[in-house]
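Asks: Based on the sequences and whatever the hints tell you, model everything.
For our numbering, add 311 to where a residue sits in the sequence shown, where the first one is 1.
These are calculated hints, taken from the structure and not from any lab test. The model shown is predicted, which means the values in this text are computed figures rather than measured ones. Any given hint could be a false lead.
In silico DMTMM-like pairs for lysine to aspartate or glutamate, Cα to Cα no more than 20 Å straight-line [what the hints assert, rightly or not]:
{"hint": "1", "residue 1": "859", "residue 2": "898"}
{"hint": "2", "residue 1": "574", "residue 2": "454"}
{"hint": "3", "residue 1": "528", "residue 2": "597"}
{"hint": "4", "residue 1": "507", "residue 2": "379"}
{"hint": "5", "residue 1": "348", "residue 2": "333"}
{"hint": "6", "residue 1": "477", "residue 2": "342"}
{"hint": "7", "residue 1": "954", "residue 2": "411"}
{"hint": "8", "residue 1": "348", "residue 2": "379"}
{"hint": "9", "residue 1": "477", "residue 2": "351"}
{"hint": "10", "residue 1": "470", "residue 2": "346"}
{"hint": "11", "residue 1": "921", "residue 2": "953"}
{"hint": "12", "residue 1": "859", "residue 2": "653"}
{"hint": "13", "residue 1": "874", "residue 2": "402"}
{"hint": "14", "residue 1": "487", "residue 2": "386"}
{"hint": "15", "residue 1": "477", "residue 2": "572"}
{"hint": "16", "residue 1": "1069", "residue 2": "590"}
{"hint": "17", "residue 1": "921", "residue 2": "402"}
{"hint": "18", "residue 1": "534", "residue 2": "489"}
{"hint": "19", "residue 1": "695", "residue 2": "657"}
{"hint": "20", "residue 1": "477", "residue 2": "590"}
{"hint": "21", "residue 1": "528", "residue 2": "657"}
{"hint": "22", "residue 1": "477", "residue 2": "350"}
{"hint": "23", "residue 1": "760", "residue 2": "788"}
{"hint": "24", "residue 1": "534", "residue 2": "358"}
{"hint": "25", "residue 1": "757", "residue 2": "788"}
{"hint": "26", "residue 1": "760", "residue 2": "799"}
{"hint": "27", "residue 1": "477", "residue 2": "402"}
{"hint": "28", "residue 1": "807", "residue 2": "898"}
{"hint": "29", "residue 1": "720", "residue 2": "579"}
{"hint": "30", "residue 1": "932", "residue 2": "987"}
Label-pair ranges, simulated between beta-carbon atoms [claimed, not checked]:
{"hint": "31", "residue 1": "928", "residue 2": "1011", "range": "44 to 54 Å"}
{"hint": "32", "residue 1": "700", "residue 2": "741", "range": "25 to 35 Å"}
{"hint": "33", "residue 1": "674", "residue 2": "935", "range": "55 to 65 Å"}
{"hint": "34", "residue 1": "551", "residue 2": "787", "range": "47 to 57 Å"}
{"hint": "35", "residue 1": "1097", "residue 2": "849", "range": "43 to 53 Å"}
{"hint": "36", "residue 1": "873", "residue 2": "796", "range": "43 to 53 Å"}
{"hint": "37", "residue 1": "796", "residue 2": "880", "range": "12 to 22 Å"}
{"hint": "38", "residue 1": "1088", "residue 2": "551", "range": "35 to 45 Å"}
{"hint": "39", "residue 1": "551", "residue 2": "1021", "range": "36 to 46 Å"}
Just so you know, even glycine gets a beta-carbon here, dropped at the ideal spot from N, CA and C.
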Amino acid sequence: MKKHALMLMGLLFPLTIFSQREITASRIESEIVIDGKLDDDAWLDAEVATDFINWQPLAGASPSNATEVKIVYDDRAIYVGAFMRNNAREEIQTELAERDNIGNTDWFGFVLDTYGNGNDGSEFIISATGVQFDAKVSANGEDANWNEVWYSAVQLTDKGWYAELKIPYFALRFPKAEHQNWRVNFMRRMAATGEKSSFQYIDPLIDGFINQSAILKGVSKIKSPIRLSLSPYITAYAQHNRSGGESPTSSTGYSYNGGLDLKYGINEAFTLDMTLIPDFGQVQSDDLVLNLSPFEVRYAENRAFFTEGIELFSRANLFYTRRVGGQPLGYWDASNQAQHNEELIENPGETQLYNATKISGRTRSGLGIGVFNAVAGSTQAILKNSETDEVRQVMTGPLTNYNVLVFDKNLPNNSYISLINTNVYRMGSDFYNANVTGTEFDIRTKNQKWGFNGDASVSQLIYANDDNINGLKYNVEFGKISGNWTFDISVAGKSKNYNNNDLGYVTETNIREYDFGTLYQVTDGWKFMDRGFFWFNMWTNTTYDQNKFSSIHFNTGFWLQTKQQWIFNLWTNYRPYTNDFYEPRQDGRFLYRPGFYNMGWWAGSDERKKLRVGARVFGQKFFEEGSGIFSFNVDPRYRFTDKFTVFLGFYTNYDYNVRGWADVDDANEPVIGIRDQVTVNNSIGINYTLNSTMALNFRTRHYWSTVVYNSFHSLEDNGRLGITDYNQFNDFSFNLFNIDLNYTWRFAPGSDIIVVWKNSIAGGEHSELIDFSNRSYSDGLRSLGDLPQTNSISVRLVYFLNAANYL
312 MKKHALMLMG LLFPLTIFSQ REITASRIES EIVIDGKLDD DAWLDAEVAT
362 DFINWQPLAG ASPSNATEVK IVYDDRAIYV GAFMRNNARE EIQTELAERD
412 NIGNTDWFGF VLDTYGNGND GSEFIISATG VQFDAKVSAN GEDANWNEVW
462 YSAVQLTDKG WYAELKIPYF ALRFPKAEHQ NWRVNFMRRM AATGEKSSFQ
512 YIDPLIDGFI NQSAILKGVS KIKSPIRLSL SPYITAYAQH NRSGGESPTS
562 STGYSYNGGL DLKYGINEAF TLDMTLIPDF GQVQSDDLVL NLSPFEVRYA
612 ENRAFFTEGI ELFSRANLFY TRRVGGQPLG YWDASNQAQH NEELIENPGE
662 TQLYNATKIS GRTRSGLGIG VFNAVAGSTQ AILKNSETDE VRQVMTGPLT
712 NYNVLVFDKN LPNNSYISLI NTNVYRMGSD FYNANVTGTE FDIRTKNQKW
762 GFNGDASVSQ LIYANDDNIN GLKYNVEFGK ISGNWTFDIS VAGKSKNYNN
812 NDLGYVTETN IREYDFGTLY QVTDGWKFMD RGFFWFNMWT NTTYDQNKFS
862 SIHFNTGFWL QTKQQWIFNL WTNYRPYTND FYEPRQDGRF LYRPGFYNMG
912 WWAGSDERKK LRVGARVFGQ KFFEEGSGIF SFNVDPRYRF TDKFTVFLGF
962 YTNYDYNVRG WADVDDANEP VIGIRDQVTV NNSIGINYTL NSTMALNFRT
1012 RHYWSTVVYN SFHSLEDNGR LGITDYNQFN DFSFNLFNID LNYTWRFAPG
1062 SDIIVVWKNS IAGGEHSELI DFSNRSYSDG LRSLGDLPQT NSISVRLVYF
1112 LNAANYL
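Replies: Okay, structure coming up:
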């Protein structure tokens, strides 16, 4: 009885209360040299922040080694000096990595909330090897794509290591006030023990990070400097193309591009970011996959301008940056416009982006305002008459303007409410325009224990004939957000005509969803584990317009980290059956899918070791004879030295006797196939970091997938499979091979030389002469030489010019 009573008390009163700490920053008059020694006179009288508390692996425990931090400031910058004690030099882990990728090393950092609202902050981290990491932190998490220019140095000794950081005011935004109301928190990681500690305790049972910060006192009479920086760049390319087939042809071309990135501080709070004539040819290759689903694949954004500082524009999840400068609207329709004896000889897959601009900031009252605008040029496909050699152009995309406007208001208790509008305007009456207006809110109680959040948006496709199409999306969620035990209940819906895909990303529409989820987490150790959590979720879906049943789903599992820092994750799902309203690709039709149960397991060894291995096994059994899914992947990593690391990835997936859309018959009725699919995805990554400013990265990936249809069926009105005369040959395979080799050298603050080699081989096979059921992975490797290939080498020079350095 006593044991149960104690458990109940743990559920009802889970939060350990730590009072909010304070530290005072001293104004200095003498100069500080950033050398990592902390021997300048300016440090002598500074207040010391110490007595850190662990939040990982055992929350609330005292660290094994002490940390001492000082913070001072002058008219140009804020300075932080820290000493991280260790018993011996060997305890300090010193793996080298490129900027913004700390790796397996000790680090020290701090986060500044310059508006004191507990919602937004800037994070600066320096590793024991001198590698810098910075990020914007908000209610949406950590945005490591944000980059600023600041200065740092470290010194390692037998008793610990020193870190010295200088953050110029041009890297910060703060209100115009005589006395600043800032929050700060200092953090440290000891890689050898896996400990993460902080000056102000970060309780993992309390939702939020910035809101758990100390008060920084003493900063006054500072002014935001002229914040004007230019980053002109020039890029030179050499590209070699080789066609596939038995008689390949080759061609080589050369080009160069130049442009400019600009940042300007409009005032102490708002900043303008602009890129003119942008060139994104050096971004990492997409991990393309064979997509048999009815939905578009969402790929990661790798362009720096669209990943940096967009946390304000992510409200309500309405902005998918890959739309800007992406595929032309009429790309897939170009071949359909070919007339008699015409063939498509050129069809650009991306639009030329002329410029893009961001203005963002937050007023002293806590109102965040963001404006994004970009202009992309028109695109033309080229058709050629095979008899007359006459060439004509077909417009696939007009001159287009993209615009996003956001208002985000901070509310008490780390709450907020936002309004966002996205708009796509296309020049000419042959193309439609699009507009989406939405809101997002997050309301919390003062003790951060309960939360009520959600979002809603209205989409509108605007046509020249005023035959507009409107849609609605909403999501409302309520739950207990802090403590060992949390839960949430939510209701969501998307109307049939909801569509924000012109500047956002949406897949399933005409859906209502009802969710319940609960989680219990342990953060201070239990038996053999340091921390872990257990969860249970269930949800059910119906159609939005007619409330027809789609599915009900149950999910449960656990995640835990042992005291030896191994990680284990186990999960399972159960679904009785599904009425799939998307797979038939026709309005009002649905495919009955038999139910299933599955189980997955993932384990990862101690990442502190030279050899670290992660492995995953997943199996799914449908309630249909001989139908299921099995996948396996293993991802070993070996760290040869602190500079040299190799990553391997091996992934295999088998789908056998799975139902899916195959084609339409002569009567335009959907044809459903029972198919097998084998997919193999292997990769090799090599990181060689010469020092804290110079790195060489190599990555190669081979993706191969083959599809074999065992039978074809008609689709009955009740979603079941029927008999069909359709018997076309639909077996095929898809082959993709990529190489990305990058050399980066930050030769001066904010200035880089980047050399990139890219190799791409891609194509497919679809021939009745091939027995795809016996096609193997080795066959896919051998056929790469018959596919089209592109090789390119580019050199890019970027130089950072900051007006504050000259004024």
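Asks: Work down the list of hints and note, for each, if the structure agrees.
Replies: Comparing the hints with the structure gives:
1. With a C-alpha separation of about 14 Å, the suggested pairing of residue 859 with residue 898 holds against the 20 Å cut-off.
2. A C-alpha spacing of about 18 Å is found between residue 574 and residue 454, which places the hinted pair at or below 20 Å, so the restraint holds.
3. Annotation: proposed proximity of residue 528 to residue 597 is violated, straight-line Cα distance about 47 Å (limit 20 Å).
4. Our distance criterion of 20 Å between C-alpha atoms is met by residue 507 and residue 379, whose separation comes to about 15 Å.
5. This hinted pair does not check out: residue 348 and residue 333 have alpha carbons roughly 25 Å apart, beyond 20 Å.
6. Between residue 477 and residue 342, the direct Cα distance comes to roughly 12 Å. Compliance with the 20 Å bound is thereby established for this hinted pair.
7. For the hint linking residue 954 to residue 411, the alpha-carbon distance of about 16 Å falls within 20 Å, and the restraint holds.
8. Straight-line distance between C-alpha atoms of residue 348 and residue 379 comes to about 14 Å, which keeps the hinted pair within the 20 Å bound.
9. Taking the CA atoms of residue 477 and residue 351, the gap is near 14 Å; set against the 20 Å cutoff, the hint holds.
10. Distance check on the hinted pair: residue 470 and residue 346 sit about 18 Å apart at the alpha-carbon level, within 20 Å; holds.
11. Between residue 921 and residue 953 the alpha-carbon distance is near 10 Å, which keeps this suggested pair within the 20 Å criterion.
12. Among the hinted pairs, residue 859 with residue 653 is inconsistent with the structure: their alpha-carbon atoms are about 46 Å apart, more than 20 Å.
13. For the hint pairing residue 874 with residue 402, the CA-to-CA distance comes to about 18 Å; that is within 20 Å, so the pair holds.
14. Distance check on the hinted pair: residue 487 and residue 386 sit about 14 Å apart at the alpha-carbon level, within 20 Å; holds.
15. Between residue 477 and residue 572 the CA atoms are separated by roughly 24 Å; this puts the pair beyond 20 Å, and the hint is violated.
16. Only pairs whose Cα atoms come within 20 Å are accepted, and residue 1069 paired with residue 590 is accepted, the gap being roughly 15 Å.
17. At most 20 Å may separate the alpha-carbon atoms for a hinted pair to count; residue 921 and residue 402 meet this at roughly 15 Å.
18. This hinted pair checks out: residue 534 and residue 489 have alpha carbons roughly 9 Å apart, not beyond 20 Å.
19. Between residue 695 and residue 657, the direct Cα distance comes to roughly 9 Å. Compliance with the 20 Å bound is thereby established for this hinted pair.
20. Distance check on the hinted pair: residue 477 and residue 590 sit about 32 Å apart at the alpha-carbon level, beyond 20 Å; violated.
21. Among the hinted pairs, residue 528 with residue 657 is inconsistent with the structure: their alpha-carbon atoms are about 63 Å apart, more than 20 Å.
22. For a cut-off of 20 Å, the pair hint linking residue 477 to residue 350 stands: about 15 Å separates their Cα positions.
23. Restraint check: the Cα-Cα separation between residue 760 and residue 788 comes to about 14 Å, which is no more than 20 Å; the hinted pair holds.
24. Our distance criterion of 20 Å between C-alpha atoms is broken by residue 534 and residue 358, whose separation comes to about 23 Å.
25. For the hint linking residue 757 to residue 788, the alpha-carbon distance of about 18 Å falls within 20 Å, and the restraint holds.
26. Simply put, residue 760 and residue 799 have alpha-carbon atoms about 12 Å apart, close enough for the 20 Å limit, and the pair holds.
27. With a C-alpha separation of about 26 Å, the suggested pairing of residue 477 with residue 402 is violated against the 20 Å cut-off.
28. Annotation: proposed proximity of residue 807 to residue 898 holds, straight-line Cα distance about 10 Å (limit 20 Å).
29. Among the hinted pairs, residue 720 with residue 579 is consistent with the structure: their alpha-carbon atoms are about 18 Å apart, no more than 20 Å.
30. For the proposed pair residue 932 and residue 987, the alpha carbon gap of about 14 Å is at most 20 Å, so the pair holds.
31. A C-beta distance of roughly 25 Å is found between residue 928 and residue 1011, which places it outside the suggested range of 44 to 54 Å.
32. At about 28 Å, the CB distance of residue 700 to residue 741 agrees with the hint of 25 to 35 Å.
33. Taking the beta carbon of each, residue 674 and residue 935 are about 59 Å apart, inside 55 to 65 Å as hinted.
34. Range check, residue 551 to residue 787: about 55 Å between beta-carbon atoms, so the 47 to 57 Å window is met.
35. A C-beta distance of roughly 49 Å is found between residue 1097 and residue 849, which places it inside the suggested range of 43 to 53 Å.
36. Against the hinted window of 43 to 53 Å, the Cβ-Cβ separation of residue 873 and residue 796 comes to about 22 Å, which falls outside the hint.
37. Separated by about 20 Å at the C-beta atoms, residue 796 and residue 880 satisfy the suggested range of 12 to 22 Å.
38. Here the CB-CB span from residue 1088 to residue 551 is close to 27 Å, at odds with the stated 35 to 45 Å.
39. Taken as a hint, the range 36 to 46 Å holds for the pair residue 551 and residue 1021, whose Cβ atoms sit roughly 41 Å apart.
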